[in-house]
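S.K.: Could you build the full structure based on these sequences and the hints that come with them?
Here is how the chains run, residue by residue.
Protein chains: 2
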Amino acid sequence: MDRSLAEGALFTDQYQLTMAQLYWKDGLHERPARFEHFFRRYPDYGRHQAGYCIAAGHAWFGEWARTVRFGPAELEALRQHRTDDGHRVFDEGFLGWLDEVGGFDALSIEAVPEGRVVHANVPMTIVEGPLALAQIIETPLLNQLNFQTLIATKASRVRQAARGGSVLEFGMRRAPDQGANAASRAALVGGADFSSAVGLSHMVGFPPKGTHAHALVQVHMALGAGEIGAFRSYADAYPDDVLLLVDTIDTLQVGMPNAITVFEEVRAAGHEPVGIRLDSGDLAHLSVVASSMLDEAGFPDASIVLSSGLDELAIWQIRNQVRDEAPSYGLDPDTVTRRLVYGVGTKMSTSDGDPNLDGVYKLVAIQSEEAGDWRPAIKVSDTPAKVVNPGRKQVARVYGERGKAVADVMAHVDEDVAAPMHVHHHATPGVARTITRVSEVEHLLEPFTAAVQATDPDGQREAIEAARIRRDADIARLDPGVLRLVNPHVYHVSLTDRIFEMKQRLVAEARANR
Amino acid sequence: MDRSLAEGALFTDQYQLTMAQLYWKDGLHERPARFEHFFRRYPDYGRHQAGYCIAAGHAWFGEWARTVRFGPAELEALRQHRTDDGHRVFDEGFLGWLDEVGGFDALSIEAVPEGRVVHANVPMTIVEGPLALAQIIETPLLNQLNFQTLIATKASRVRQAARGGSVLEFGMRRAPDQGANAASRAALVGGADFSSAVGLSHMVGFPPKGTHAHALVQVHMALGAGEIGAFRSYADAYPDDVLLLVDTIDTLQVGMPNAITVFEEVRAAGHEPVGIRLDSGDLAHLSVVASSMLDEAGFPDASIVLSSGLDELAIWQIRNQVRDEAPSYGLDPDTVTRRLVYGVGTKMSTSDGDPNLDGVYKLVAIQSEEAGDWRPAIKVSDTPAKVVNPGRKQVARVYGERGKAVADVMAHVDEDVAAPMHVHHHATPGVARTITRVSEVEHLLEPFTAAVQATDPDGQREAIEAARIRRDADIARLDPGVLRLVNPHVYHVSLTDRIFEMKQRLVAEARANR
Chain A
79 MDRSLAEGAL
89 FTDQYQLTMA
99 QLYWKDGLHE
109 RPARFEHFFR
119 RYPDYGRHQA
129 GYCIAAGHAW
139 FGEWARTVRF
149 GPAELEALRQ
159 HRTDDGHRVF
169 DEGFLGWLDE
179 VGGFDALSIE
189 AVPEGRVVHA
199 NVPMTIVEGP
209 LALAQIIETP
219 LLNQLNFQTL
229 IATKASRVRQ
239 AARGGSVLEF
249 GMRRAPDQGA
259 NAASRAALVG
269 GADFSSAVGL
279 SHMVGFPPKG
289 THAHALVQVH
299 MALGAGEIGA
309 FRSYADAYPD
319 DVLLLVDTID
329 TLQVGMPNAI
339 TVFEEVRAAG
349 HEPVGIRLDS
359 GDLAHLSVVA
369 SSMLDEAGFP
379 DASIVLSSGL
389 DELAIWQIRN
399 QVRDEAPSYG
409 LDPDTVTRRL
419 VYGVGTKMST
429 SDGDPNLDGV
439 YKLVAIQSEE
449 AGDWRPAIKV
459 SDTPAKVVNP
469 GRKQVARVYG
479 ERGKAVADVM
489 AHVDEDVAAP
499 MHVHHHATPG
509 VARTITRVSE
519 VEHLLEPFTA
529 AVQATDPDGQ
539 REAIEAARIR
549 RDADIARLDP
559 GVLRLVNPHV
569 YHVSLTDRIF
579 EMKQRLVAEA
589 RANR
Chain B
79 MDRSLAEGAL
89 FTDQYQLTMA
99 QLYWKDGLHE
109 RPARFEHFFR
119 RYPDYGRHQA
129 GYCIAAGHAW
139 FGEWARTVRF
149 GPAELEALRQ
159 HRTDDGHRVF
169 DEGFLGWLDE
179 VGGFDALSIE
189 AVPEGRVVHA
199 NVPMTIVEGP
209 LALAQIIETP
219 LLNQLNFQTL
229 IATKASRVRQ
239 AARGGSVLEF
249 GMRRAPDQGA
259 NAASRAALVG
269 GADFSSAVGL
279 SHMVGFPPKG
289 THAHALVQVH
299 MALGAGEIGA
309 FRSYADAYPD
319 DVLLLVDTID
329 TLQVGMPNAI
339 TVFEEVRAAG
349 HEPVGIRLDS
359 GDLAHLSVVA
369 SSMLDEAGFP
379 DASIVLSSGL
389 DELAIWQIRN
399 QVRDEAPSYG
409 LDPDTVTRRL
419 VYGVGTKMST
429 SDGDPNLDGV
439 YKLVAIQSEE
449 AGDWRPAIKV
459 SDTPAKVVNP
469 GRKQVARVYG
479 ERGKAVADVM
489 AHVDEDVAAP
499 MHVHHHATPG
509 VARTITRVSE
519 VEHLLEPFTA
529 AVQATDPDGQ
539 REAIEAARIR
549 RDADIARLDP
559 GVLRLVNPHV
569 YHVSLTDRIF
579 EMKQRLVAEA
589 RANR
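Chains as they are written, first to last, in this note's numbering: chain A, 79 to 592; chain B, 79 to 592.
Some clues are possibly wrong.
[Stated by the list, open to error] Among chain B residues calculated to face chain A with C-beta under 10 Å, some are:
#	residue
1	Gln-94
2	Gln-226
3	His-280
4	Lys-287
Derived from the structure by calculation, the hints contain no laboratory data. Don't be surprised by glycine CBs; every beta carbon is placed ideally from N, CA and C.
M.R.: Below you can see the structure in the form of C-alpha cells.
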C-alpha cells in the first residue's frame, strides 16, 4: 500500500493549507515570519514526573523537510478537493505557487540540538521564513519533534534508573503503528543502548538485539521435547549467544535448573553462556535467587535480563529491593545489580502515563512589509502561562559557579546576554531576580542544517552517537533536584527585561484595542 | 529519507528472526502452527474504563502482509549482521529460504472484521501456517492491530459521549510520528466523522476538514488589522465556509461580537456563515452564552465547534453542564447541544490515559509432523489469566432473547456451538454456567482476504464505511451496562466444556512433566 500521499508534504492539518491560501490571497504568503516551538509542561506520568526533557527527532524531521515536495500527486489531491456545494477548495493560482516553491527549502530553522536537555516554555525550535510555508510546516514539525522528544525523555529516565545497567528497547509490538520506528530511534537517542526492531536498527546503524520468546518453548513442549529441548536447540544454533527465557513453566523449579544444565553443556562444548531472561513474577526476588543459583553453578558472569512492564519506577524499585534482599542470600547487592540488563518495551515506546508532549508552535514576529521591520506578535489569554512570549528571541543557558545549569533565559536576538542579569519569570509578572556568579552563558539554538545531512546508516548512527554525547554532558550539568524521578525541582526559565517589557506592552495594547 | 527497510518485512523484532532460523535449523520452519491474537484487558484510562473494544487496522495490516517482501535490501541487511565476535547471525541457507518464500503469502489469517466489537481474552485474529512465518509476523501484526484497535476504541467512546454530534479528528500534531496516519484512520473507523489530516484523508477517500488557527488572527493583529481583519479576510476567501475561531483575545467581549459583525456582512453578501470555534475557557458555559448571542443576532443555525483537550469524559461533562446551564439563559438545552461539533485531538490520537493495548499473540496448536495431527500448545503461569487457552478454536457470539450479546464463547473448531451450552469462565476454574434462551449464535472469525483487497481511495473508503456499519450494529446489540463510559459491566467470555477440559489436562501434564 502506497502511503506516500499521507506521509509527504500533505502530512499536515487541513487548516494549515486553508490559512496558507488565505495568506496567498492577501499577498502575505511570502512575508517573513517567525514561529517558535516549545512545550508548556514536562511529562507527568501520574505517580512520577519529569523535570527535564531530551530533545529528539531533528535528524528525521530535517530530512523530511528537506525532501518532501508539493509534487503532482499532492497538487492533484488538493485540486480535486471540493466543498459540499461543489466548489474547489484550492485556487489554481495557489497550487501554482506551491508547485513553484516545491517544498520547504525557503525556511530557515534553528533548534536546540538532539540529545540536549530542554525545558518547558523555552523555544526548542525556531522557524523563520515565508509565512505560508512556516504555517504549513507547523503540524509535521510538532508531530515529529514532540513525539521523539517525549520518548527520548522517557528513555533518559529509564537510563537514570538503570544507573549504568544496559537498557534494551523492546516496544514495537505495542508501539503506535509505524511510529514504532520513531519511538525506537528516540529511545536510542534518549537512553536505550540497543533496540529489538530489526529494520530500524539496521537503518540507523545499530545491530538489533533479541533472545527468544515463550513460543519456542511451547513448540518443543507440544512436540514432546520439553523446555530443555528448546534450550538445547537454541544453544546448538547460537552457542555464543545463549540467553534463555526461563519462566515458561516455573522459573525457579524448572526453568533455572534446565538453563543451568544447558549452560554446563555449552561450556563443555567450549562456549560461555550469556545468561537468562526473567519475564514474569517478582523480578527483584527472582533476580536475587537466580543470581545465587547461577553463582553456585559456576556462572557468576551470566547476565540476568529483566522484562515485563518495566519503566523507570519499576527499575528503581527492583534495584532497591535487590539491595535489601541480596544480603539474606549471602550476596553482595552490587554484584547482583551489575549483572542486570533491562528490556524495556511498551511503557517506554508509548510514554505510558503521559503519551503526548504538549508542544506548541506560536507566531512571535512578522515583518511589517517585504524586507520591512519585524513586528512582535502576541496572543493574549486569561491564563498567564498561555500568553505568548513575543519577539525574535535567542535562548541562553546560564551555568552557576559549580558548573550546573541554573536557568534558561529568553532574550532578544539583538541583546547581549551576560551576568549580572535581571530576569523575570517566563509567565508570572512580578517574579524577578538578578542572576550573578555565572560561570558560563551558552547559546542553545543552532542552525538545523547539521541535522539534514547524511541519512545513510553511518550518518544515522553518527547523529545518534553525537546526540548521546550531548545528552550525557547536559545531564551531568543538571541539578540533582531537577533530575529527581519523582516530584522534581522546577528549573528556572526566565525572560530578560527587554522581552518582559515588550510582552507587557503588547498585552496592554491588545487589551486596549478590543 | 528512505524508511523502507524499517517499514517492510523487517518491521519485526530480532528474536522473531532468530527463532525462525532456529526452526529452520531444526526442520520445523514449515510445520503448520496456529497462533491467536487477543488482548487481556480493556483500556483503563484512570478515571474511566472501556467495557469493549472496536477492532481496527485489518485493511492496512492485510495490505502490509500481502505486499512486503524479503527482498535484496532485507536479505543484505540480515547477511551483514554479525555477532560481537564477527560471526554471521543468519545462515545463508536460512536467507535462501526467506528469499524463496518471499513474503507472508503462505499464512492463512482469520479475524473478527474491522469495526466489530471485540472483547478481552477472545481471539480477534488467528494466524495459521508455516511456523517460521507465523512467528516473524507476530510483531507487525500486534503493532498494527493493537494500535488501531486502541484508537478506534477511544473514538467509539468519544462518539458515544457526543450522542450524535459530529466528531472531527484533529490530533496529528501530538500523535506518534507517522503513526498519526494510522491513528486518524482508526478514529474514522471508530467514531470520528472526518479528520484534519490532509494526505491521509485524501488517501482513504474522506475530505479533510479544518478551520483556521490563532496564527491567522495574530498575523492580522501584528500588522494592524486586528481580529476582525482576520475574520474578514477569511470570510472573503471562503464565503461558504465561514467558521471563525473567537478566543484569540477574549471570547465573549471581542471574538463573538467581531464574528457576528462578519457573519452579518457574509449574509449581506448572499452567503450563510457556518459557525464559530471555541478553543479555551469553560467550553460548556461559553457554548451556552455564545449560543444565546448567535440566536439573538439571527444565526440560530450557526454551529459551535469545541476543541481543547477534549475526550469522552470532557464531552459528557460539557453536555451535562449545558443541560443544567442553558435554561438560565432561556435556552432549550437540546437546541444548544444539537449545534455542538467536537474537535478531538491529542487525547483521542494517543489514547490518553492508556496509550497501549496489551494485545498478545500465543501459540495454541502445532502439527505433530508435516500433515500430521494437531497438538494443542499450552503456556502455564502462576497467574490464571496468563495460562493460554489451548487448541484450534472458533469464536461464537451468543445473543439472548432481547437480541443483546450475552457472551463470547471459545469452542474447538470441530465443535457445534448451540444452546443450551455449558460454559466455563475463560480463566478462573470452577466458575461455570449453562446458557439457555439464545436467539442467535454468530461466528465471529472471517477470512482475512476481504481486507487485503482494494487500497485505492474507493477501496479504502469502502473498508471504513463497512467497518462503521458493523460498529453501529454491534454497539446497538451491546448491553447498556457494558457500554457505560465509567466502570462498565464486565462482558462474559467463556470456554466450552471441550476447551476447558483440554486446558485442565494440558496444565496438569505440563506441571507433572517438570
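S.K.: May I ask you to test the interface hint for His-280(B) with respect to chain A, counting a Cβ-Cβ separation under 10 Å as satisfied?
M.R.: holds, 4 Å
S.K.: Does the nearest C-beta of chain A fall within a distance shorter than 10 Å of the C-beta of Gln-94(B)?
M.R.: holds, 8 Å
S.K.: Using Cβ atoms only, decide whether Lys-287(B) comes closer than 10 Å to chain A, and label the hint accordingly.
M.R.: holds, 6 Å
S.K.: Restraint: Gln-226(B) near chain A, CB-CB cut 10 Å. Satisfied or not?
M.R.: holds, 7 Å
Hint compliance for this structure: every hint is met.
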